[in-house]
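These are the residues of each chain, in order.
There are 2 protein chains.
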Amino acid sequence: MAIVFQGERGAFTELAAIEYFSGKEKAMAVAKWEDVFKAVENGRAAYGIIPIENSLGGSIHRNYDLLLHHDLLITGEIYLKISQFLLANKGVGLGRIKRVFSIPQAFEQCKRYFDKNPAFECVPASNTAAAAKKIKEENLLEAAAVSSMQAAIDYDLKILARDIEDDKENITRFLILSNKKISPRGTKAMKTSVVFSLKNIAGALFKSLSVFALRDIDLLKIESRPVRGKPFEYLFYLDFSGSAHEEAQRNAINHLREITVMCRVLGSYPVGSVAHPAYKKRRI
Amino acid sequence: MAIVFQGERGAFTELAAIEYFSGKEKAMAVAKWEDVFKAVENGRAAYGIIPIENSLGGSIHRNYDLLLHHDLLITGEIYLKISQFLLANKGVGLGRIKRVFSIPQAFEQCKRYFDKNPAFECVPASNTAAAAKKIKEENLLEAAAVSSMQAAIDYDLKILARDIEDDKENITRFLILSNKKISPRGTKAMKTSVVFSLKNIAGALFKSLSVFALRDIDLLKIESRPVRGKPFEYLFYLDFSGSAHEEAQRNAINHLREITVMCRVLGSYPVGSVAHPAYKKRRI
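If you read the protein sequences in the order shown, they are chains A and B.
Position 109 of the first sequence, counting from 1, maps to 108 under numbering that gives the first Met the number 0, and the rest follow consecutively.
Position 236 of the second sequence, counting from 1, maps to 235 under numbering that gives the first Met the number 0, and the rest follow consecutively.
Okay, chain A solo, but in the shape it has when bound:
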C-alpha cells in the first residue's frame, strides 16, 4: 500500500507520512497537490497526505479548494513539529552565500533570521526539499536552501544554521485522504470536517453555526474560501468535535443541510497529536 505526497524526498509532508504510518507504507512523491488527489481517486495509491494549516502561516487554501473539487474522505490527521535549517554544499561557508532558495512560507517563518542577514537574496522554489536538491544537483557554491534536517541527510548537505524559524511553536497540520471510509479502531476522540455554502438569507452564517452551539458541539476551526464565479460569496469549511455517527452531530448536520445550499461531510477521524520527526539516513 502506498501513500502519495507532493514534493521531493525529504519534504516535511513525507516526514509527516512516515510518522503517521510508522514508516510501514511506501511514500511516493508527485509534483503537484492536485496529483495527490488524482492518485488516490484512481487507486494508484491507498492514501494521500496534504498539509492543511501551519500554526504561523495559517491555512493552505489551495488544499481546501482541492478537498471541495475531489471526492475523497479525510480519514486522519497528524501535527508535525517543523524546524527549518539553512543548508549548503560541503565546503561552503556562511560568508559565501548570496542567494537562498526555499518556499515563501519558509522565508516568512524565518523572517527574523533574514532580517538579520539582509545580504541574502531570497529566491522562491517549488518546495523546501526541491530547494535542497537544486543546490546539490547544480553544485551551487554561493547558494543555500531553507529546508528540513532530513533534506540535509538525503542530499548530503552541510548545516549552516539550525532552527532558524522565529517562533519555536511552528507546527503543520496534515490530513490523510482515502477514497474509502475507514472505521477507526479504539475509542479515540473524534472530529468532523464539513464544507457548506450559505443561502442568501439574513444572518445565514450565524444560523449555520447555531446548529452546533444549540447542541453543545465545540467548533474547532472555521475557514472561508471564495466561491468561483460568484465574487465575494464564500464557502465555509468547519471542523467540529465528535463523529458524524454520533446522534447530536448527525442531527446538527441534518439541521445544517436545511439552511445551506450545499453541505458535504469531508470526513470524521481521530483527533491527531503532535509528532517530532525522526530523521534517519536512507537511500533516495
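Hints should not be assumed to be uniformly reliable.
Treat identical chains as interchangeable: a pair holds within one or across any two.
[Claimed, not checked] Listed next, the in silico DSSO-like pairs over lysine-lysine satisfying Cα-Cα at most 30 Å (straight line):
id	residue 1	residue 2
1	K31	K198
2	K80	K110
3	K187	K31
4	K220	K187
5	K198	K80
6	K110	K198
Derived from the structure by calculation, the hints contain no laboratory data.
Knowing the structure of chain A, use the given hints to seat chain B on it.
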C-alpha cells in the same frame, strides 16, 4: 500627498490607486507590503493601498497579519477587475517561449491556459510588474511574463495572449490605509472591519457572531488567522455593514468587547465599487 503601494510601476495595486484617487495623488512604489504600512505610519505617505482579497484566490493573509501589527485605519476600499496578459519582448513569438515569470496567484488564475501549454515552465517572480520588467531589462528572448496590460505599455512589451485567466469574474479588493481618521463625505453605505481573539469559553465564536445577529447587522466577511505562539488558536477578522458611529453597531462592538480577549476596530469606510483600469501611455 502621496499614496504608497507594493510592487513596480504597472502593478495592479498601482492601477487600483490611480482609480481610487482619480490619478490625483502621486503613487510611490516600495519593495514590501510591510514598507507600505511603515511609510504611512511615519508620515512619508498620506495613504497606503494593499490588496486584501481576490475573488478567485481568496484572502491575502499576510496583509491581514500586517493590519494587526500596525496601528493604521482603513479609510476606504476599491474593487479592481483583473485581466492577465502574456507579455514578451518585441519580435519574440509564442513558439520561442520556454519560461514564464509571474506570481503564483497569477499562474493559479490562468491555470487552464497553462494546462493547455504544458511546455511553459512557470517561474515565480516577486510581483506581476516585476516579471514584465525583468524580461525587458534582461532582454530575455525565450521568456514571457503574466502581467497587466499597463505593464505591456510601461515596459514596451508585446502582447502574446490577452485575458488568459480561467474566470472572467476576477476581481481584487484593495484597502486604503491612513494614520488618521477621515470622515467620509456624502451618505454612502458604510462597512466596518474589526479584529478580535476569543476567550476560551464554550461557543465563543458563536457568541461573538450573535452580537451582530441580535442587532440585525449583516456580516459581510469572516476570516480566521493563527495566533502566533498559540498553535491552533485563531484571530478573527470580521466585516459587517454600517459604521461604528451608528448606535446598533456601537452597541454590538461594546458587546463584542465583553466576550473577547482583544477587539480592535480597524476602520469604518464607504462600501467600494468595481473599477475597470484605464490603461494609458506614460513615462516611467
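Cross-check of the supplied hints:
no. : hint        : verdict
1   : K31 x K198  : neither (33 Å within a copy, 39 Å between copies)
2   : K80 x K110  : within (18 Å within a copy, 32 Å between copies)
3   : K187 x K31  : neither (32 Å within a copy, 45 Å between copies)
4   : K220 x K187 : within (19 Å within a copy, 35 Å between copies)
5   : K198 x K80  : between (39 Å within a copy, 26 Å between copies)
6   : K110 x K198 : between (41 Å within a copy, 29 Å between copies)
Of the numbered hints given earlier, the model fails hints 1, 3; all others are met.
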